[in-house]
Amino acid sequence: MAKKSKKFRITKKTALISGAMLVIIIGGLVYWHHHSNSNKGIVSPPQASTKSPTSKNNYSAAPAADNNANNDRKGSSSPSSTLENYQPPPDTGSFSVSITRANTDSTDLQVATLINGATSGSCTLNVYQAGQTTISQSEDVVLQVNSYVCPVFNVPLSQFPNHGQWNVSVTVTSNSKTVSSNWAKNPVSLN
Amino acid sequence: MPRILSKISILLMLPAVTLAAILIFRQPATHALTGADFQAGHIIDDAVFTDNSTMSVQDINNFLNAEAPTCDTSGSLSKSYYYNSSSGEVEKDSFSGASYVTTTRAIYGQRYDTWNGTTIATTPYVCLKDYRENPNTHQNNLQGATVSGGVTPGEIIYYAALAYHINPQVLLVTLQKEQGLITDDWPWTNEYAAAMGFDCPDDGTGCHSAYAGFTVQVNSAAAQLRNYLTNPGGFNFIAGQNNSIGYYPCNSGTTVFIQNAATAALYDYTPYQPDPDVLSNTNPTGSPNGPGSVSDGDTCATYGNRNFWWYFNTWFGSTYAINGSIQSASGLSLSPSGSSSYVNDSLTASYQVKNTASYSIDAGSLGVCATLNGQWYDFGFANDVIVPANGTITVSYSKKLTVPGNLIVSMCSYNPAFGWANAYYPYDINGGLSRQATLTVNDSPLITSGLILGPTNFAINQPVTAYLSIKNLSASNINIGSLVIAARDPNGNNVDFPIKNDVTIPAGGTTSNLTWTRTFTVPGNYTFYVAHWNGTWDTTYPDSASNAVVRQVIWPVLDNPLITSGISLSPSSPAKGQNVTATVTVRNVGSNPIDIGSLVVAGRDPGGNNVDFPIENDFTIPAASGGVPGTKTYSEPRSFSSSGAYRFYIAHWNGTWDTTYPKSIDNSVARQLTLTL
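Chains P and G supply the protein sequences, listed in that same order.
With the numbering used here as the guide, the letters of the first sequence map in order to residues 835 to 1025.
With the numbering used here as the guide, the letters of the second sequence map in order to residues 2 to 678.
It should be emphasised that the hints constitute simulated quantities derived from the structure, not laboratory data.
Be aware that a few hints might be false.
[What the hints assert, rightly or not] Each pair of labels, with its calculated beta carbon distance range:
| id | chain 1 | residue 1 | chain 2 | residue 2 | range |
| --- | --- | --- | --- | --- | --- |
| 1 | G | Ser-334 | P | Ala-899 | 48 to 54 Å |
| 2 | P | Asn-1025 | G | Asn-443 | 51 to 57 Å |
| 3 | G | Asn-443 | P | Ser-894 | 51 to 57 Å |
| 4 | P | Asn-905 | G | His-209 | 23 to 29 Å |
| 5 | G | Ala-418 | P | Asn-1025 | 34 to 40 Å |
| 6 | P | Asn-1009 | G | Ser-88 | 40 to 46 Å |
[Unchecked claim] Covered by chain G, per the in silico footprint, the following chain P stretches (three or more residues, Cβ under 8 Å):
| id | region |
| --- | --- |
| 7 | 893 to 900 |
| 8 | 949 to 956 |
| 9 | 963 to 975 |
| 10 | 993 to 1005 |
Note that the coordinates shown come from a computational prediction; the quantities given were computed from them, not determined experimentally.
Glycine included, every Cβ here is placed at the ideal spot set by N, Cα and C.
Make the full structure from the sequences, and use the hints.
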C-alpha cells in the first residue's frame, strides 16, 4: 500500500516566499521580453553581419568511412567517372527516354527530356489530342553538361487549336533504335 | 532536508526551469538529420546556394586541411585487393587465379595502372589541400613538380564562387559528391581531371577531356550552376512545377514538385534523386560511418543529390536559410537619383522584397538605414513586415535632408533569429543587387552674394538699403525662418534693419535677392551683419557659397548736412554804409535734397541790436550726384551804418533758433565772426 502523501500546507512564510519568487519570475520574463525585442526598432544601430546564419563550418577530420565509396571505386577495373552512381550505366545498345517536365509558361508549352544510354540521334516531340492534328517538333540529341537530352521543346500555345488536355510524347531514334518516353505525367493540361 | 528548505528549493528552481524552457524553445534545431528529412523538392534554399560570402580563401584552405589532415603522398599505407601475379590483373573482387594480397597503395597504384593501361594511380598522391595550379597555364603539381604562379584550391574555389555568386560551400560539397576529393588522402589524378564531375555524363563513356582539370572544372561547374539559375527554362528541371525525377539508372522515379531554383539547379546538374532504399539507408548527418549506402541488390540506387545534402548538412549546417524565400527583388534605389543632393531635398530610398514561398512570411524588420557624416541618420523602419505568398512588397522611406555631408544609405534588416543582417538579408539570389548607395549632401540654401549696403556713402537720416542674395539649390522651396541684417550704432545700440519673417527661398537654384531698408540718426561707424532666427540667433546660417561672401561689415554713417565753409564776408573789411555779402556753404552727401528750413547769418551791432542778414527760407541743399556731394551757399548782402564792433553767427530756424545746426565739417569752419567798422 502506498504511503499516503502529506498534505502540502500553505503557511504565511511559504506564501510570502512564493509571492516573492512569482514577482522575480514575472519581472524576469518582462525584462527578457523587453530586452529581446528592444533591438528590433530603429533605436538600435544596425550592425551589418557578413556571416550567413546557416554558416557552421565543421573543421574536423573526415572519418575514414567518407572514403569508402572512393576506395571502392579505386578497386574497380572500370571505375565510374564520378561517385554519384555506384551502379554501372545501362547496357550498350539500350536507352531510355524520360520527359522530365511538360509545363506551360505564358507563351509556350515546354517539354524537357532526359535520355539515358544514348549519346546521339534525333528527338521528335508529338503533342496530340483526339480528333486534332498532332503537333510535332524535332531536335537532335545533345549533351547538356552531364546529361544527354533533347533540347527543351518550346511549342507556342498559339499553335494549339484549343486548350484542355493534350498528350505529350517524345521519341528518340539512335543507332537505328527508337524509344519513346515512358513514365512521364500525361496528359498535360493547357490553360 | 527540512521541509521549508525543500519548498524553497522547488521555488528557486522554478525561474531556472522556466528560463531554460524559453531558451530551448528559441534555439534552432541542431539535431542530426536522417534520410527522412531529405526533401526531394527542396534540397537547399536559394539563399544558401547563392551566398558567396560564407567562406574566405583562408576558411576554405583551413577546411581542406582539417578534412584530410594527413596525406598519404607516398602511398605507404596498405591496400588489400585480389591480384594475379602472372597476368597482373587487379580487382577488388575475387576472380579465378587471384590471390588476396595486401601491399602499399603505391604498389597497388602501379599494378592498377599497368593492368588497366592508365596513368592515374601512381604516386605521388597529392591531396587537395596540397594541390597547386597556375590558373592561366593550368600547370599543376600532381606529378610533384613545383608550379610557378600556382595558387591554392582555396583561391580557385573562392574566386569561382565570387564570380558566379555561388556559395563556396556548394562547390566544396560538389567536389566531394563527384570525386570524394575533399576527404581523399590518396587521390588519383582522374579525380582532379573531373573534380566537379562537369561534362561527365552518366552514359558509361566517362568524362570528356574538353573540361579536364581542377580549375576548369571548378569554374565551369560554378558557371553552369549560375546558368541554371539564370535561364531555368532552358534546362530539364524547373522550380514551381511538377518534374519527373528518376532513380538512376532505372526507368522509374517520381513526380516531384521542385520548390525553388537552387534545387532545380542541382537536378539539372545531377538529374536523379535517391530512391527510398537509399534514403532509408542514409546515416544521420555527421555520422562517422559516412552518408551510407544500400546493400547489394538495389539497382536503382543513386547518391549524388543525397550526398550533396548529407555533406552540406554535416559540414556546413542547414541547407535551409531562415526565411530563405525572402529575397531581394530589386536593389536599393534613390529618388531623385544621382550622387549628390542638397540640404532640404527629400530623398526616397526604396527596394523590393519578394517572397517565393506559397505562404506569407513575417520577414522581420525591414527598413532603410543611413549614416550622415558617420552618425546614424536612419530613414525609417518597420517591424514584423509581412510579405504575402508569392508576393512582392516595396520597402520605401523618405527623409528630408537637413545637414550637409556624406550620406550612406543602405537596406536595413533585422530578424530576431539572426540579428542584423543588412549585408545579406533579404537574400540576393542572383547577386549584384546594390544594397547601399553613397551620395554627397551639399549645403543649401547658400548666400551667394554677401552683405552690400547702398548707397556706398550714406548719411544719417538717409534711407540705406542692405542687399543679400541667397540661392536654394534643392528641389523644394525652403522657409528658413527669420532673417535680418543686424546693425549696431557707434554706441553699441541695436539699430537692426526690419526683420523679415518666414523668408522662403524658392527651389531650383533661382537667386533670391533680399533687401532691407532703414535710416540711421547717429553718425559714426556701424557694424552690420547677417543674422538668422530659428529659435535662436545664428550668424552662420545660411552658409556662404564661398569665402568671398561678406557676412559682416563695419561702415560709417556720415553726418549730414555739414557746413563746409563758415561765415565769410565780402568785402572782408567793408566801410560804413557799404554793401557786404555774407556767405555760408552747406554740403549734402545724401542721395536726396535736404530742406533744412531757414538759414541766416545773424548779426548784432555794437549796441546789441539785431542786424541779421536776410533769412533764406526753405534752404534746400541738392542731392549728391555722381559721388559728388551737393552744396548750397547762403549768400545775402546788406550794409551797416554804425561804427563799432559787430558780431555775426550762423543761425538755423526750424521752429526754434539753433546755432549748432548744421554742424561743421571740421574745426576750421567759422561759425562766428567779429567785424569792426
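Inset, instruction - List in ascending order the numbers of the hints, as given earlier, that are violated by the structure. - result: Numbers 6, 9, 10, in rising order.
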